[in-house]
Each structure stands twice: as structure tokens, then as C-alpha cells.
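Novice: Listed below are the residues making up each chain.
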Amino acid sequence: MNRILSFSKRNFLEMIRDPLSYIFCLGFPLIMLIVMTLVNDTIPKETGMTIFRIDNLSGGIAVFGMTFLMMFTCLSVVKDRAGAFLIRLYATPMKSGDFISGYIFPMFILSILQSTITFFASYVISIITAVEINVLGMFLAVISLIPTTIIFISLGLLFGTLFSEKAAPGLCSIIISLGSFLGGIWFDVKGAGGILEKICTVLPFYHSVESARAAINLNSDFLIHLLVTIGYAFVITAFSVIVFKNKMRADLN
Amino acid sequence: MNAIETRSLTKNYKSKTAVDKIDLTIKEGELFALLGVNGAGKTTTVRMLTGLSLPTSGECKVCGNDCVSERGEIKKIVGISPQDTAVAENLTVYENLSFMCGIYGHSKEKTEQKTAEMIRLFKMDEVKNSRAKTLSGGWKRKLSIAMALISEPKVLFLDEPTLGLDVLARRELWSIVERLKGGTTIVLTTHYMEEAERLADRIAIMLNGKIAASGTLSELEKLSGKTGLEESFVEIAERFGKDNVR
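If you're matching them up, the sequences are chains A and E in order. Start counting the first sequence at 44; every next residue gets the next number (this note's numbering). Start counting the second sequence at 308; every next residue gets the next number (this note's numbering).
For reference, chain E alone in the conformation it holds in the complex (with noise of 0.2 angstroms):
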């Protein structure tokens, strides 16, 4: 079964379109990464999926759910770590995750299993009683994303989950993403081509709005006719461009 399904997703802003006429398929249990340059319209594909930001035209689902007339089930079934650190600052990692567990109405007896499970899958014991605002970006960034996966949602969305952080951080990052990878479908937001290549399932290149390509490394590979993602996704931003000038 397909965890999301999009059909000529288009939004507008004013003059501008942000997002023109996607067409995306993602299935359950993927982890599938939106590729692009900062302003490619990967932000705005996440916040209509997210039930964030209704689309000016075409179609998208959400595990069957529409994203126009069944916002409201979508909420319930989706995580999203935003771009940026999302966390209450001045509550601690314990509060942060067991707030989260009363935002999607958990058990006093499920929050506290939540929030242990999450502590522990995320290594954050250490900092547990630690106030959010005294915590490095790296350990914000994994608090971000714990209370994203606490309400156990269906899809995991991860906006740039290694913006600004260092490379040990950022490491650290990807062998928890891995670990999740099988489970629930996550949808990965980048620009850094390391990240998709090492984490992703499935890879799609925005550019301007668009897909421009889509498909395993291996199949982008293929159709570049280069080695490497980063090669790869020159060569078909290059014919992309050439392709929409004309």
C-alpha cells in the first residue's frame, strides 16, 4: 500500500509557484528524501502533506486520507520535526516528550512508556531533567524528532533534520534515522546529497517546484549516465534547466 500519494500538487503564492505540478508515489515503511536546493519547494510539499498548508490544485493522500477534506485525520497520523528546533524551551526533554504524549491524548501509564521508550532510543538519559533551552543543536534536533515519533504516527516527516549541525551530530542523526528506517515511512527533507545517498529508499530531485527526476541511486545514476549523487544530481539539474529554458 502506498503511504502517500500525490497527483499534480500545485501551490501558489500570489505570482510565485512554490510547488508545480508534483506527482508522487511513496510507499509504506519507505524512507524517501526530498532532494533539493534551499527554495526547490520541499518545505511547502511537507506542509501540504502535513495538513500544514492547503494546495491551490491537484491531489494528495495521506494513508487514503485526503489532504483537503481529511486534514483533520492526517493530523492525527503524521510526526513532523520542523526545520527549525521546534521544542519548548524552557521545559525539559522529559516534559517536552510527555507534553507531546498530552497533545495526542496518551494514557498517564502510555506517556510514561512513550517517553521512556523515546529517552532510550534517542540516548538522551543524560539530559532527560535538562532544561530544552540549554541543550546543544544536536540534542535539540533529537528531542525534535523524538516528539515528532511519540504519537507513534504513521508517517514521519524530517524537514532538514541536520540543518546547522556538525558533522559528529550529524552522524549521530542519520544511525538513529536508520534505525527507524522499516517501521514507519519517513519522508526526508535535504540538500545534502550525503544524506540522501546513505539514508534514503527512494530519492526525488525538486527543482523550481518541480520533480525533476525520481527514483533509487542506482535508477538516478542510470538515468545521468554519472556515478555518485552529487554527480547525478548536476547532471540533471543541468538538462533541467536546459529542458525549461527552451
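Only chain A is shown next, with the shape it has when bound in the complex (with noise of 0.2 angstroms):
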């Protein structure tokens, strides 16, 4: 326990010592979250879309922020690889669940805060706007989404011991325009219909964002999406620590 404690210590430091941490997994969702209310503002009432409604539009922030803790669990695992450092862990007592442990545990505490503050964000926007939000549902929010935190930390972890340093940046940054797209962040998934509906359904993204939502607004529906996102955050972390234990045997072959 100590050792996880120690390794999650210096991966959380490392993390809140960055600055670009702050810029991309706290400034950038909160400038979304109030860009896409301007937009809101902009959006005829008729029209009946209602997709950047601050209400509708936090949950998908708030998935939108965890996107970037993926990014970071990533290049922490990246760096670590890339340079001495895990070379000189590896020499240590430390056991596979100890790297994973500690590199999960800190990224999990911070994704607790960054939804906390996009939704108490959302509160402040939701009060300026004059748009009821329900504060217990974006208590239940917070707690629904804490499945689709492990899923993104987990493909931080797997990509991050897939790939090389050059490779991983890249990779993760496609998985944030694809995850964000299709989790039907910025548009209506079931008003697209067809194919993309389909596609949209298939991933986890969707039912993270849907959700939310859906607690948020105290809608049973999020048990049912809730229930997805566990059931894929069971497959990607049982398969990032498999992968991950396989690469560390490889590398002390």
C-alpha cells in the first residue's frame, strides 16, 4: 500500500505542477462550456434544439474534460517509459499492480475535481441564464460518471504503454475528436439518426454523455446508460492491466 500511495503521490504532483494540466483538462472545458452557452443564446427558441441548453450541455462537458485525463495518463505513462525513470522503478520491490494502481488512483481523484468544477460551473452559468438545473442531479452526475473515468484512464494506460512518445499524443487526440463527436456532445444523436445513430450507440461515449444527462435531469433512463459504461469500463481496464503486465514482463525479459 505504501508503495501505491508513494507512486500515486508523485503522479498527482507531476500532474497539478503542470501547467498545461490546468490549460487543457480545467480552462479548455470551461471555455467550452461557456462558448457553446453563447451559442445557445444565439440559437432561435423556435427551432427547438436544445442541445447546448447549459442543463443538456454540462454532462457533455464534463465528459469532454475526462477526455483530456486520458491524454495525461498517457503521457505520464509515455514519459516514464521513454526515459530512466521506470527503469529505476523496475529495479525496485514494485509489482505491476503498484505502477497501475498509482498511475490509475491520482487520475481518478483529479477527473472527481474536474467534474465538480465543470458542474459547479454549470450551476453559476445555469443561474446567469436563468435555466433550472437540478443540484442533486448533477450530485448523481458526478457519480455517474465516475465508470467513464476509469475508461478513459484506462485507455490513457494502454495507449500510453502501446505507444511511443511521438505515436501516443496523436492517437489520443483522435480519440478525443471521435469521443466528444460521437458521444453526441455537440450535436443530437438520435435527431441524426441512421448509420451515425447506430455507430454513436456502439461506443461507450454515447451512453457516458446520455448518462449525465440524464442524472442530471433526475431521469431514471441513466441507470440504463450507467450500466453500459460499467460494463465497458470493466473490459478496457481488465484489458489495459493485462496489456500493461505483459509489456512490463517483456521489458525485464
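Treat the hints with caution; some may be incorrect.
[Stated by the list, open to error] With a cut-off of at most 25 angstroms between alpha-carbon atoms, the simulated BS3-like pairs for lysine-lysine come out as follows:
# : chain 1 : residue 1 : chain 2 : residue 2
1 : E       : K461      : A       : K288
2 : E       : K440      : A       : K209
3 : E       : K461      : E       : K383
4 : E       : K383      : A       : K52
5 : A       : K290      : E       : K517
6 : E       : K517      : E       : K323
No wet-lab data here; the hints were simulated from the structure.
Please assemble the complex out of the two chains, which come individually in their own frames, going by the hints.
Specialist: Here it is in C-alpha cells:
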């Protein structure tokens, strides 16, 4: 436990002392929250388009912010692998489980902080824009996004383990773009219909966004989406753990 | 008692033999230098002795622990300062040292005590609150060695500890290593003749993955018929080259 805590603390400090993490994990999602609220203001009410209204937007933006945690988890792993730092730690009594927990745990704490800040900002915006938003629903949304957090952190761990310092950030950028698009943060998936809707509903991102949106509105549908994201979190995490353990074994061969 | 023993230790990477049937015996408390040009197999040897890599064949023991079947035990008793500076860049010197204590499961009191001891030993008081990324190469290397030493290892591996350092930083590091001598067994890899000559009790000359010669400086001089390590190294390398061509 001591080893996990020490490694988690190190990763936490590395993350919070990197100014880029504030810009991408906090600044960028908050800017998008404000920009999209302004966009919503320009949309005529007659269109009936509510995708950017704060009660719909906040869940999507919370998921969008989490995609950057995937990027930073990935960078953390890939940097340690590229330098000699991981070599030093491989020569200590640290086990693969210590490494995996040490990467996941601090990111998990940060993601809870991140979504809390996002929902708090959403609450402030809801007061300004006079849109009713349920505070209890927001708490529920933070909880409903826990599997999503684990999905993104595990994806970061996976890409950081498998790819090089050059390839990994590019791949993460693709997932960020695809995840936010296919998650239906920026458009109405149901409205789009067809093959696009089918693709979106097969992937976990849509269910992440919808579970947060439904939770905010205290809609019991959030449980269905939550179950899907729990399933994805379980599979992706298990796969990442297996890949990391195999990679570590290969490195030490 | 011997701290390290290897018998026909070999490491192959696909078709390339990085370390070729080496036999080494390093006594407890000794400072032993593995001297060789780049690609001689020094780092691969260190990797096997620290449990970072498995031998292809042969045997190696560190403080009586087998490098294959007791790798976990070896990791508890060795410390390594890798060739590239391996420090957490966004952590301060103090935090880097306490982090290593945590990894080895030291108590809070012991962490405080060992961290203070390392800061004193390596004269890092002025930089103890500086983040590692702001340190010069010399400071980083000192921190890297202190991080390896903080777990009180029985065997300390210093892989090219002064590589890329300026002459002043190198001299300072040498005096630190000299102070460590006698207590911990130290295995030092280097391609600097002066470094091995000044620091080592015994030297093994590695060429193409093999031990071409080993012994004290005077033994190597006697063997080569030359004076000084550099001249002896060149003579031994030339003879080794001829023998291996034949």
C-alpha cells in the first residue's frame, strides 16, 4: 500500500505542477462551457434545439474534460517509459499492480475534482441564464460518470503502454475528437439517426454523455446508460491491465 | 563473502550476443569497475545483475540470491543509478528522495532521517526545495545516485555516472563515490579510464560482450606490460582483437 500511495502522490504532484494540465483539463472545458452557452443564446427558440442549453451541455462538457485526463495519463506513462525513470522503479520491489494503481488512483481523484468544478460552473451559468438545473442531479451525474472516468484513464494507460512518445499523443487527440463527436456532445444523436446513431450507441462515449444528462434531470434512464459504461469500464480496464503487465514482463525479459 | 558471482553469464538479443559467457567475482565492500567502450555489454550486465533483464544462459548471484529464481529478493537489496538521469522532473529534490523511501516502505521517521542524511552527504541543502527539472546535469546526477543509495542497498550500481558531465561536476561526483567506498559494494560502469583508475579497487575490461581482462590496476599493467590504465586498456584491446580474429 505504501508503494501505491508513494507512486500515486508522485503522479499527482507531477500532474498538478504541469501548467498544461490546467489549460487542457480545466480551462478548455470551462471555455467550451461558456462558448457553447453563448452559442445557445443565438439559437432561435422556435427551432426547439436544446443541445447547448446548460442542463444538457454540462454533462457533455464533463465527459469532454475527462478525455483530456486520458491524454495526461497516457503522457505520464509514455514519459516514464521513454526516460530511465521506469527502469529505476523496475529495479525496486514495485509490482505491476503498484504501477497500475499508482497511475489510475491520482487521475481518478483529479477527474472527480474536474467534474465537480465543471458542474459548479454549470450551476453558476444556469443562474445567469435563468435555466433551471437540479443540484441533486449534478451530484448524481458526478457519480454516474465514475465508470466513464475509469474508461478514459484506462485508455490512457493502454495507449501509454503500447505506443511511443510521438505516436501516443496523436492517437489520444483522435480519441478526444471522436469521443466528443460520437458521444453526441455537439449534436443530437437521436435527431441525426441512421448509421451515425448506430455507431454512436455502440460506443461508450454516447452512453457516458447520456448517463450524465439523464442523471442531471433525475431521469431514471441514466441507470441503463450507466450499466453500459460500467461494462465498458470493466472490459477496457481489464484489457489495459493485461497489456501493461505483459509489457512490463517483456521489458524485464 | 562475495557480493556478486557470475558463471558463463550470457545475454542474447535475437542474433546478437550482448554479453558472452562472462565470469565475475566481486567481493563485499569492493568498488568494481566495468570498463569498456560503448556497446561493450556493460549496461546489459548491470541489467541482469539488478533483475532488470533475464540471462539467456549462465548463472549470476547477488549476495547469494539467484538472478532468475530470486529476482524479487535482489530488487530489495540493490540500488541503481541508471545511465540516463532517472528523476521525477516536477518533484523537488526532497520529494524525490522521500518518494524513494516510500517505494521501499520506510516509516515516516526513517524517511525524514534518510532524506536528511542524503541531503547532507551529497551537499544538496541549497537545492533541496528546487524541482529536479531546474537542476543542472551535475545536480541531477547527484540526486539520481542519492535516490539509489537511500534504500541502503547492499550493492549499488552506478551506470556511467559521470557521462556528459563537465570536469568540475565529474570531480565532485568522484569525491562523493570515494566517500561511499568501503561501506556498500559498488559496481561502476564507465568508459572513462581516469574514472576507473581513480575510483576502482578492481577493474574488468569488457570488449564485445566478453571480459578481456580483470584485476587491480597493477595487475592489468603487469598483464599488458604497459604503464597506466589507458595504455594497458589499448594493449589488452589490441591483443583481444587479434585473438578473436584468429
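Novice: For a C-alpha distance cap of 25 angstroms, please report whether E:K461 and A:K288 respect it.
Specialist: With a Cα-Cα distance of about 28 angstroms, the restraint between E:K461 and A:K288 is violated, given a limit of 25 angstroms.
Novice: E:K440 and A:K209: Cα distance at most 25 angstroms?
Specialist: holds, 21 angstroms
Novice: Tell me if the straight-line CA distance from A:K290 to E:K517 falls inside 25 angstroms.
Specialist: Between A:K290 and E:K517 the Cα gap is close to 29 angstroms, so the pair fails against 25 angstroms, i.e. violated.
Novice: Are the Cα positions of E:K461 and E:K383 separated by 25 angstroms at most?
Specialist: Holds. E:K461 to E:K383 sits at ~9 angstroms (cutoff 25 angstroms).
Novice: Below or equal to 25 angstroms on CA atoms is what counts here, so check E:K383 against A:K52.
Specialist: holds, 22 angstroms
Novice: Does E:K517 pair with E:K323 here, judged by a C-alpha cut-off of 25 angstroms?
Specialist: Holds: E:K517 and E:K323 sit about 13 angstroms apart, inside 25 angstroms.
This entry does not satisfy hints 1 and 5, going by the numbered hints stated previously.
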